[in-house]
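Enquirer: Please build the complete structure, drawing on both the sequences and the hints.
What follows is the residue order along each chain.
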Amino acid sequence: MTKPGGFNWVALIVRVGFVLGVLAVWDYVTQNDIVSPIFLPPIRLVAVKFVQIIQSSTLYANLWVTVVEVISAFAIASTVGLTLGYLIGRSRYATTVLEPLIAGLFAIPVIIFLPIFILFFGIDIPSKIAFGATYAFFPIVLNTIGAVANVDQRLVTVARAMGANEQQLFRRVLFPAALPVIVTGLRMGAIVAFLSILASEQIAGLRGLGTRIVRLGEGMNMAEMFAYIVFVIIIAGLLNVSLTRLQRHFTPVEARQ
Amino acid sequence: MTSVSTSMPEVPSLSPMTRLRDYFLLRPGAARLVICIALVALWEISGHTIMDPDFLSPPSAIIQAIPRVLGNPGVLGALWDTFYELVLAFAISVVLGVLIAIPIGMHKFTLRSALPLVLLLYSIPQVTILPLFVLYFGVGAGSKIAFGVTHGIFPIILNVIAGLQTLEAALLTAAHSMGANRRQIFRRVVLPHLTPSLFAGLRLAMSGTLLGVLLAELYVSAGGIGYYTKLFSESFDPSATFTLVGALALMAVFLNEVVRRAEKRASFWRTQQQ
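Protein sequence lines, in the order shown, are assigned to chains E and H.
Residue numbers are given in our numbering: position 188 of the first sequence equals residue 188, and the series is strictly consecutive.
In our numbering, each residue carries its 1-based index in the second sequence increased by 1000.
Honestly, the hints are just simulated from the structure, not real lab data.
Computed from a predicted structure; not experimentally measured.
Every residue, glycine too, gets a C-beta built ideally from N, C-alpha and C.
Covered stretches of chain E, going by a simulated chain H footprint (3 or more residues, C-beta under 8 Å):
#1 9-21
#2 208-219
#3 224-232
Expert: Spelled out as structure tokens, the structure:
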């Protein structure tokens, strides 16, 4: 497709053109009353609302709730996931026994268990944290197991032969060798935590961005709801881009594409 | 002759613990089973001792609740509806996905211009627009199927496009020079070549469809699964919630397994290429 290192201008033009085209059609059909404003609010009104909401305290109160939930969920998932993943991945037997169990469990969509999380932790913030942490736990633990279990055994043998103790082995060999794959798991975990928490806020919640979007929709505040959706999509995009950058930072140069 | 047996060295007898350890070391599957049984036993015990029965039902209580919950025609109907939505959303994702992907992947120009669009749309987090789907498609099956399709279609499109990129030009040239027309080339060369990547896409599409449909089902509380989960949790009937969740989990496992088997069957004749 694109030359390595080259910039895909076609992709950029097509993307910008597509977005502008969608916006133009949206503006046209709403200005000429082809589509009811209940279904599709006029884009100009959405723009006005967007400027209003980013100056309102309601947005930041809800954003704060969601951010706290995502950070807590990610902290729990990465602590448990990295520890368990390391312990399991270090032992070949534990990997053989437990890895298929965890992977098999992950094949069931975790979203099914949301009612049980709400049952246990209530409808407010704790259930969102627990749900997000559970969802994020799986990619983190599976990647960590894979990363630690697949470290080139020659490296381990050589380090042992040169007299490395367990701590040195971890710090100098296992950790650096496994890091790129572990970071991939952490990136997936962070995104999954964010998206699953948004989803659970929409399904049942008292506050947070997801709940806010649903409440606005129920109140038929379509323009403001669209403004919130745009805001969340921007946040998700920023999260994705920054995490991908961060991951590149941890990927060895020779493994980059 | 008789002295031979007595002069044999005695085999040192292993302690039962060592033998047990060796048994599980040689059989990881048995160890897995023991872990699962232990977890269920722990669950049962905690259900009778430390946990509030309003929130956690022990497995025995859930099993007792199964006939009552599944005997409710509303619950059974909701489960069947979900199953139909899943199958339909999956089928639509596959057919639409292949129809979209083939024209994009077959030509350099469409690939360069349309693939960025697909990736752009794919990067939008769909959960943010879930309320819009309900608004546009109603609270019935339509919104759930549509939301499932938005999750299921992208893996198909991307995998089929990726599969087309590895199609060797020599194969096309050979077929062409042997006098195959466009339709024959498509049927005899392109489609068989696509099989492995398509089926890899099917597996991802199934997990996407499951996620999308179940998300929408739980979100809409006016009917279906969402209504019953809400009803059961509001009436403090955890056994019923667990039964419903268990039935959905079985459904997910079943559908995943069907696709996995189909993948194994369809690509037995060629080595997996990655």
